[in-house]
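So you can see what is in the structure, the chains are spelled out below.
2 protein chains.
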Amino acid sequence: MNRPDPKDVRNITCIGGGVIGAGWAAGFLAKGYDVVVQDINPDAEGQMRRIIDSAWPSLEAMGLSEGASRDRVRFTTDLADAVGDADFVQESGPERMDIKQDIYAAMDAAMPNDVVIASSTSGLLMSDIQAKSKNPSRMVLGHPFNPPYLMPLVEVVGGKKTDTSAVDWACDFYRVAGKHALKMDREVLGHIADRLQQAMWNEIVYMVDADEATPEQIDESIIYGFGPRLAIMGYCLLFHLAGGEGGMRHFMKHFDPSVSDDWTRLPSPPITDDLIEKFAAGAERLQGDRSVEELQIQRDEALVGFLQHFNKVTGKG
Amino acid sequence: MNRPDPKDVRNITCIGGGVIGAGWAAGFLAKGYDVVVQDINPDAEGQMRRIIDSAWPSLEAMGLSEGASRDRVRFTTDLADAVGDADFVQESGPERMDIKQDIYAAMDAAMPNDVVIASSTSGLLMSDIQAKSKNPSRMVLGHPFNPPYLMPLVEVVGGKKTDTSAVDWACDFYRVAGKHALKMDREVLGHIADRLQQAMWNEIVYMVDADEATPEQIDESIIYGFGPRLAIMGYCLLFHLAGGEGGMRHFMKHFDPSVSDDWTRLPSPPITDDLIEKFAAGAERLQGDRSVEELQIQRDEALVGFLQHFNKVTGKG
Chain Y
1 MNRPDPKDVR
11 NITCIGGGVI
21 GAGWAAGFLA
31 KGYDVVVQDI
41 NPDAEGQMRR
51 IIDSAWPSLE
61 AMGLSEGASR
71 DRVRFTTDLA
81 DAVGDADFVQ
91 ESGPERMDIK
101 QDIYAAMDAA
111 MPNDVVIASS
121 TSGLLMSDIQ
131 AKSKNPSRMV
141 LGHPFNPPYL
151 MPLVEVVGGK
161 KTDTSAVDWA
171 CDFYRVAGKH
181 ALKMDREVLG
191 HIADRLQQAM
201 WNEIVYMVDA
211 DEATPEQIDE
221 SIIYGFGPRL
231 AIMGYCLLFH
241 LAGGEGGMRH
251 FMKHFDPSVS
261 DDWTRLPSPP
271 ITDDLIEKFA
281 AGAERLQGDR
291 SVEELQIQRD
301 EALVGFLQHF
311 NKVTGKG
Chain R
1 MNRPDPKDVR
11 NITCIGGGVI
21 GAGWAAGFLA
31 KGYDVVVQDI
41 NPDAEGQMRR
51 IIDSAWPSLE
61 AMGLSEGASR
71 DRVRFTTDLA
81 DAVGDADFVQ
91 ESGPERMDIK
101 QDIYAAMDAA
111 MPNDVVIASS
121 TSGLLMSDIQ
131 AKSKNPSRMV
141 LGHPFNPPYL
151 MPLVEVVGGK
161 KTDTSAVDWA
171 CDFYRVAGKH
181 ALKMDREVLG
191 HIADRLQQAM
201 WNEIVYMVDA
211 DEATPEQIDE
221 SIIYGFGPRL
231 AIMGYCLLFH
241 LAGGEGGMRH
251 FMKHFDPSVS
261 DDWTRLPSPP
271 ITDDLIEKFA
281 AGAERLQGDR
291 SVEELQIQRD
301 EALVGFLQHF
311 NKVTGKG
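Sequence lines, in order, name chains Y and R.
The working numbering numbers the first residue of the first sequence as 1 and each following residue consecutively.
The working numbering numbers the first residue of the second sequence as 1 and each following residue consecutively.
Keep in mind that the hints were calculated from the coordinates and are not lab data.
Hints should not be assumed to be uniformly reliable.
As the list claims (entries may be wrong) - Derived DSSO-like pairs: lysine-lysine, alpha-carbon spacing no greater than 27 Å straight-line:
(1) Y:312 <-> R:312
(2) Y:31 <-> Y:183
(3) Y:312 <-> R:134
(4) Y:183 <-> Y:161
(5) R:7 <-> Y:312
(6) Y:253 <-> Y:278
(7) Y:161 <-> Y:134
(8) R:161 <-> R:132
(9) R:183 <-> R:278
(10) R:183 <-> R:161
(11) R:183 <-> R:132
(12) R:161 <-> R:134
(13) Y:312 <-> R:31
(14) R:278 <-> R:312
(15) Y:160 <-> Y:134
(16) Y:161 <-> Y:132
(17) R:160 <-> R:134
(18) Y:7 <-> R:7
(19) Y:183 <-> R:7
(20) R:312 <-> Y:31
Quick caveat: nothing in here was measured; it's all calculated off a predicted structure.
When you get a sec, could you build the whole thing from the sequences and use the hints?
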């Protein structure tokens, strides 16, 4: 087994020197890893260094790990050279299936069999990317959020041929590296977060098209309205709170979908009792042993801090 | 004209003593206004005082106006008594058209003709609420976000019979009272922000129903992923940045809707050249004279502050 313990990872290879690949590199450097960045375009080195340099002040503000240095990155155009000594590979190449499959075949040939390879892909499924690989069991999805050096979330899931040990290893490694690994139960196009964003974005496109709102009004409604709340609580916990004493059960029964179907171009699915129970059970697990009052206090304390910081950044306070 | 200058408003009446009505009252008290809260249920007084008390520490942290005091609220069950001396009325009664129309008729009979009445309604249109009123020209929508004592956004729009002077007055008043007034160009069910949230929520309901994600995974994908970004920038500016040098024009052309149609149950509308121009022009107005690099620095500085605060609140840092 050439797969190190997640805590013992030292050498990380990032495939692709663009916004996502170099953003990953910046984050790994800040955690004290040695990083190799590979891109077939030799000009990518300059761009990569600019991205790392522009990320560094934020990473310093968040706190660098011991020994972390921007000098510990090496650039190469040679894929085999890039991955030969890697303890872990984060692939952020072009979003084209044929290119991805070629890259994975080349990596397979140049690396020990057990080392985990994660793909940053937004729009492709690992089951398709790994389909032609000789050694697909160590290939996982590891989808970050922009900017990857700051946002904690990484969505992790295997393809049909992925071994569960590789998925678990990737989750453990990302946590060691300071990320929030969200282990998904199954593959789905767009993963989780991008699907939600796409539904909202498509409603935005319809609204602007129909002159129901301008792009400026859309953005104002987000940053002064529901945006700050979503930095603290997701909709399942927020609507559990909105349901008052009855929580999510009350919320889903009270808000009859026929009422809200005219609010958006995406009509609600039928709200069955089973579905209400699924949401209620999830909301109760999210609530844990915190009372509704405690949750409200936590929400408000976080909001106050966010709003004060927002006012400072925008020069309003 | 009995409508005072927005700066001279002293007496505010909040109709409804629930979470939204009492939340409004708390926010107005913190700004130093005298507030009357009316609710036909005498038991609502206790609930109202609990809501104000629980909001007060957050309002103190945000900074109270001179003379602001929780003692400056009076409760009554009598609607005519509540509105007789009001400089402005914020109505947050039940979301039922028949009840709303009765309340508006009763207010009309008990108030000077010019004083502005704003409704907090989420699900009804002002054109319908005001349909049977004798004096509908001063009635506007003024839709807040929960918790109304903290969230800045108020969506403002008139109904068919509303005078534009009332809409402008309401926007001016909300700004004096420390809110962010978003003046809409036309009425639409769900207004702006709730339509966007509903599209996302309905996609969430489908995903949980299909076992593509659990409620916990949904919420994790929000608070560790795209949520914190939405506290800083809306999608129009975020995607303008995501488009790189080409901005929104590149973003909308590059992300062919056929690629993303499988990402959500709400397919994209056709992306015409006219629509791309509408978005691009809006995004450029949002960008103003800030360079892409300046915007990225502002985004990252705000994110760093939010993440540090989030870690503190959740005990992670």
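Q. Failing hints, ascending?
A. 3, 14, 18, 19
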